[in-house]
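Student: The listed protein sequences derive, respectively, from chains A and B. Here the first sequence is numbered in the numbering used here, starting from 25 and rising by one per residue. Here the second sequence is numbered in the numbering used here, starting from 25 and rising by one per residue.
Derived by calculation from the structure, the hints in this document are not laboratory data.
Quick partial rundown of chain A residues pointing at chain B, CB under 7 Å, derived from the structure:
no. : residue
1   : Leu29
2   : Asp33
3   : Phe36
4   : Leu62
5   : Met100
6   : Asp104
7   : Val178
Derived lysine to aspartate or glutamate pairs resembling EDC-like cross-links, with alpha carbons at most 16 Å apart:
no. : chain 1 : residue 1 : chain 2 : residue 2
8   : A       : Lys115    : A       : Asp47
9   : B       : Lys26     : A       : Glu169
10  : B       : Lys27     : A       : Glu174
11  : B       : Lys32     : A       : Glu161
12  : A       : Lys27     : B       : Glu174
13  : B       : Lys26     : A       : Asp173
14  : A       : Lys27     : B       : Glu169
15  : A       : Lys217    : B       : Asp121
16  : A       : Lys145    : A       : Asp131
17  : B       : Lys32     : A       : Asp179
18  : A       : Lys26     : B       : Asp179
19  : A       : Lys215    : B       : Asp118
20  : A       : Lys182    : A       : Glu97
21  : A       : Lys26     : B       : Glu137
One-sided and incomplete, this derived list gives chain A residues near chain B with beta-carbon spacing under 8 Å:
no. : residue
22  : Pro37
23  : Ser65
24  : Gly153
25  : Ile166
26  : Leu183
Built from N, CA and C at the ideal position, the CB exists for glycine as well.
There are 2 protein chains.
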Amino acid sequence: MKKNLGAKDILFPTPVLIVGTYDKDGTPNAMNVAWGGLCSSKPPAIAISIRTERRTYLNILEKNAFTVNIASEAVMAEADYFGVVSGNQVKKFDHIDLSAVKANYVDAPYIAELPLALECKVMQVIKVGQHMHVIGEIVNVIADETVLDEKGRVDVVKLKAIGYDPAGNHYIATSEIVGDAFSVGLPLAEKAKNDI
Amino acid sequence: MKKNLGAKDILFPTPVLIVGTYDKDGTPNAMNVAWGGLCSSKPPAIAISIRTERRTYLNILEKNAFTVNIASEAVMAEADYFGVVSGNQVKKFDHIDLSAVKANYVDAPYIAELPLALECKVMQVIKVGQHMHVIGEIVNVIADETVLDEKGRVDVVKLKAIGYDPAGNHYIATSEIVGDAFSVGLPLAEKAKNDI
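Only chain A is shown next, with the shape it has when bound in the complex (with noise of 0.2 Å):
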């Protein structure tokens, strides 16, 4: 039986990104979006949903630059603190114990701390209801050997990303494989072949 929910910002999962910046005088700041995801594979690029008050949109636009770091489960509270304060009343690294490093290749800081950072370069910005649609190219991404595979590729089960689940407010694990893509539909895919 369905249900019609009406007009919903629901989508499972969505991903918990730290988004950093700097100010016009090299303050960093932080804060947590899950409005976002991949837009492009060449080049590679992010978007991301961030309302006009916030610091993080600011100086984005001074800069021209954000990175987007990957929150995990060993630093859960970490990336929780940076959604429930604010830019613009304290100075967010100020207060909590972690490094805001100077990115290689943007204007921006990346947190060491959190496992895996993408470097951003804004090509695009435009209005999306009452957010700001953030268009990101993905310059460098930054990650810590400890989440690498022996090819040193991105481990998802070493990385522990957490998403969100905007439904119940949850951050949820994603860690646990549970299939492998283009692959567990091709018995399907080649039936369909058979029948034509």
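Got chain A; can you put chain B on it based on the hints?
Tutor: Here is chain B on its own, set in the frame of chain A:
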């Protein structure tokens, strides 16, 4: 120790979005999209990125509508099928035991066997690199009763949505709750407030 991985299209987690459309003759199609995410709360909106050569992109332009169906563990093989078969070559729904049902508010089909569907009307389409970035207003959410809690909200544990791991090409489980958002960071926020 940190490593630079270069410019890569990776993010954790990404969703597994089965995008449902009709062509001009009313033939249903569906494709598997991992480049996407929510992008606005008021109105609720979602952004998905698709290449222009996809049948789905032409269908979206034709009808100004699409659905986003959430793939779950129970229908992982079917979700993968939609990613490995091309709608330009076969009528995907002719060869699989799934029901494409006309949505309630938009001219696009949802998939009855998938637990959750977002009905979307096109708001904007912009080009980002090789992809077209399609932004759709979510005008209704259709949920299977079996994935709702006693308050009628989507229950992430019952939903058992899968995510996609773009580094290792795996599907991942997303139904294990590991913390409460706007909650696990409150002690750190309290400490910051006391510091001032």
